[in-house]
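Please build the complex by placing chain E on the supplied structure of chain Y, with the hints as guidance.
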Amino acid sequence: MRPFFSILGAQYRVFIRNPLDLFLTVFLPLALTLIFGFIWGGGQTPMRAGVVFLAQKDLLASVLLDSPNLVVKEFAETEDLEKAVAKRNMDFGIIWDGTRLTFLFNRGRIQDNPEFAAKAREIIRRVELRIAGLSPLIVVEKTHVGKLSAANWFHYIVPGLMAMALIQTGVFAIAGRVAGMRELGILKPMLVAPLSGWSVLLGVGLVRMSLGLASAGLLLLFARTVFAAEFLVDFGLLIFYALVCGLGAMGLGAVLSIVARKPGTAAAAGMILVQTMLFLSGIYIPFEFLPAGLQAVGQIFPAYHMAQGMRAALGVVEQTPPFLWAGLGFGAFGFLSLIMLGRVSLRPE
Amino acid sequence: MKAVLTLAAAFMRTSLRERNALFWFWLFPLVLLGLLGAIFGAVERGELHVDIALVNGDSGPLGHELIGFLHSVIGENARFVYIQEGNGEERLASVREDVEEARVHAALLIPPEFSRQMSAGIPTRIEILYRRGEAGSSTAASLLAEALEEFGRNYLFQSGGLAKAVEAQTCLVGGEARTVSYVEFVLPGVIIMAFFIAGIFNVPNAIVFAKEVGILKRYLATPLLSWQYFFAFFLSALFLSLLQGGAVWALGRFAFGTRLPLLRPASLAFLLLAFATSVALGLLISALAHTHQGAMALANLFNLPLQFLGGLYFPITSLPKPLQILMAVNPLTHLAEGLRAALGLSARTFPAWANFLVPLLWLGVSVFLAVRRIHILGET
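Sequences listed follow chains Y and E, in order. In terms of the numbering used here, the first sequence has 91 at position 91, counting the first letter as 1, and numbering is strictly consecutive. In terms of the numbering used here, the second sequence has 268 at position 268, counting the first letter as 1, and numbering is strictly consecutive.
Everything labelled a hint here was simulated from the structure, so no lab data went into it. One thing to keep in mind: the hints can contain errors.
Claimed, not checked - Okay, the calculated beta carbon distance ranges per label pair:
| # | chain 1 | residue 1 | chain 2 | residue 2 | range |
| --- | --- | --- | --- | --- | --- |
| 1 | E | F209 | Y | G236 | 42 to 50 Å |
| 2 | E | G364 | Y | L243 | 33 to 41 Å |
| 3 | Y | L243 | E | G246 | 41 to 49 Å |
| 4 | Y | F5 | E | T14 | 39 to 47 Å |
| 5 | Y | F4 | E | S226 | 48 to 56 Å |
| 6 | E | R259 | Y | M340 | 50 to 58 Å |
Even for Gly, the Cβ is constructed at its ideal location relative to N, Cα and C.
The following block holds chain Y by itself, in its conformation from the complex (with noise of 0.2 Å):
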């Protein structure tokens, strides 16, 4: 047993002396919580119009200021109205000049727009009954039936980004650390000293997994503090998920490490296949903005299903059994690769 721990605190300092694996693992995860949750965390803001009234100004100005969602800024002249949106000092513009309604949306918005244009409808619409003195027939109540109260499109992303934090490290972990190793030459003395194979498998695994663990777990606690973003934590669903990932994900980095059989070469594939993980799995981008062709192959990749999980563990979805299955399966996974591949990727040469 001490010489597993031996190979445990070894790893540690290693961890801890290599800058670029405690920036990977701990502080880039938390950047990027940060960048999104300042971009998307505050809840939804107003959009901000500004509007030219060159005529019957009473009317659409009660119509705007009944409408939700909307801070309006008088401008004088329609040239400065065009130019507080050209350069996103407004959202977009309005001029109303009593019998028509020009709205002006600024061309380099491109995702922005169609949300600008859908408000301009509703304008429309309500000056039009405005005129007509009448309300409207339908009034439409939004109810949320999800588990959070709260929940906002960072409420997705933190538990997105804590499961490929815990994928990311698994995977290094045996396509990197491991690799790494047999690259430099540390492997093949370590295996010829009265260690089992296995020793340094699992210290390697247990150190990065134990790192990546701690880096979810300060991820959640900085999106709780920081943006006081709420979950409802099931904390046996949690450490469920958190361990089925990092099993999974280093059983992924030991079929890498056997298909490249070349340490740089896994390392690479290893990016490749994290980087693909995190475009196609409803991570960065949602998932039902993928064409369907994307969605099917995102579907394959377990981070898709790892991050449902752990969006299930932390209240924001609902746990499902499909979601619960895939974490086993995907456990079972990289319980079975381990035990079948892990010998293989501790090769020497």
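Chain E in isolation, oriented as in the chain Y frame:
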């Protein structure tokens, strides 16, 4: 000059043999453009598919009329998974569960008195069940909400409540007078990202590694001068960046039909500035880092935060003050904005001089520090 060219060719060969560099510098920008183009291009064309459940508790004709209207208005974006008639407690509970457990993105509940109330001109409350925060569910709810309001408006026109539609028109401002697609917007960002990644990873990767293993020292034993070494390095990086920029442009042009005038003098100036600033940032990292691992950690520290805060992939607005300051001093913000303005894609939010000056300042400070701290003998 022959020595410089030979060395430049050697640098190029080394770079092309490096697997990580191949992925990050060559493959990743192309894959990223392809992915973003496929994803947001589809969203832009309105090809978003959401699953919706409808429960019609109304026994009158307007409930069915509304369902027909929904099919015609949002049918291209929405798949109506099921339409149930009646609204018993059990049925409502089961629909609610379907939304909660993500089997559908949203559900619309048409109330029992819908036809009667509408006919009497009494405002009717219609409930949409959705999961706030989840992109697909929120989009489905917004689609339904707008379609419902439009149905109410049409009904008022038909019944004579509304007599005249308000005239409305839309104008696009900023940039040149043409329609810009998402791929056209993102392509300059991807080119800058490719230059940036090549600069901050490949430059320190080559210089610090060569310093660490003593390769730089060996150059001293040859008649090669320091400036020739760096010039050769610069030349090889420039050639590779030109190829990469061309590859990204070609993907945009032939796969997505983008038309970007990259050869305009102002565009070329910003591309050159982007390349030089990226190489200079790489030199700065090489100057600050003592080891190869330290250099890669520093490069990663710069990498994603600067990319996301530089608005390379989406325009950033409404940031808190500290991040606005970071954004204003971020060279990538100005390079992307300057290049997009030069291509006529959007107007500047910073003055034109700032778009030039901020990257130039980074370039100057980085080169100054690099000259002072990088010694060809290897000690910094």
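Each hint tested on the structure:
Checked against the hint of 42 to 50 Å, the pair E:F209 and Y:G236 passes, with Cβ atoms roughly 46 Å apart. A hinted range of 33 to 41 Å is violated for the C-beta pair E:G364 and Y:L243, which are about 51 Å apart. The supplied range of 41 to 49 Å is met by Y:L243 and E:G246, whose beta-carbon atoms lie about 47 Å from each other. Roughly 42 Å separates the CB atoms of Y:F5 and E:T14, a value that falls within the hinted 39 to 47 Å.
Distance hint check: the CB atoms of Y:F4 and E:S226 are about 50 Å apart, consistent with the given range 48 to 56 Å. Between E:R259 and Y:M340, the C-beta spacing of about 53 Å keeps the proposed range 50 to 58 Å intact.
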